[in-house]
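Novice: Given these sequences and hints, build the entire structure.
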Amino acid sequence: MTYRCPRINPYPEETPITDRQGYYLKANSAKEAIEWMGRRFPGEEFIIEIWQ
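In terms of this note's numbering, the sequence shown opens at residue 1 and continues consecutively.
By construction, these hints were calculated from the structure, which means they are not laboratory data.
Do not take every clue at face value.
Stated by the list, open to error - Here are the in silico distance ranges between beta carbons for each label pair:
#1 Gln52 / Glu13: 28 to 36 Å
#2 Glu44 / Ile17: 14 to 22 Å
#3 Ile50 / Glu13: 25 to 33 Å
#4 Arg40 / Met1: 17 to 25 Å
#5 Pro12 / Ile47: 12 to 20 Å
#6 Glu13 / Glu35: 23 to 31 Å
#7 Pro12 / Gln52: 25 to 33 Å
#8 Gln21 / Met1: 16 to 24 Å
#9 Ile50 / Glu14: 29 to 37 Å
#10 Ile17 / Phe41: 17 to 25 Å
#11 Pro42 / Pro10: 17 to 25 Å
#12 Pro42 / Thr15: 17 to 25 Å
Yeah, the Cβ is synthetic: ideal placement off N, Cα and C, and Gly gets one too.
Specialist: Right, dumping it as structure tokens:
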């Protein structure tokens, strides 16, 4: 399944709009997606949404 993972905290003003849309990744579950995002971006919080 594909998940969309946008950041919860506001992005800095200079962040490109394409980066603000979040990450799209394939994972077997929402838990797996949030674990991947946690390893990639420690200390950040993300919303996990089913995309497809």
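Novice: Each hint needs a verdict: does it hold in this structure or not?
Specialist: Hint-by-hint comparison with the structure:
no.: 1; hint: Gln52 / Glu13: 28 to 36 Å; verdict: 31 Å, holds
no.: 2; hint: Glu44 / Ile17: 14 to 22 Å; verdict: 18 Å, holds
no.: 3; hint: Ile50 / Glu13: 25 to 33 Å; verdict: 30 Å, holds
no.: 4; hint: Arg40 / Met1: 17 to 25 Å; verdict: 18 Å, holds
no.: 5; hint: Pro12 / Ile47: 12 to 20 Å; verdict: 18 Å, holds
no.: 6; hint: Glu13 / Glu35: 23 to 31 Å; verdict: 30 Å, holds
no.: 7; hint: Pro12 / Gln52: 25 to 33 Å; verdict: 29 Å, holds
no.: 8; hint: Gln21 / Met1: 16 to 24 Å; verdict: 18 Å, holds
no.: 9; hint: Ile50 / Glu14: 29 to 37 Å; verdict: 30 Å, holds
no.: 10; hint: Ile17 / Phe41: 17 to 25 Å; verdict: 19 Å, holds
no.: 11; hint: Pro42 / Pro10: 17 to 25 Å; verdict: 19 Å, holds
no.: 12; hint: Pro42 / Thr15: 17 to 25 Å; verdict: 18 Å, holds
Of the numbered hints given earlier, the model fails none.
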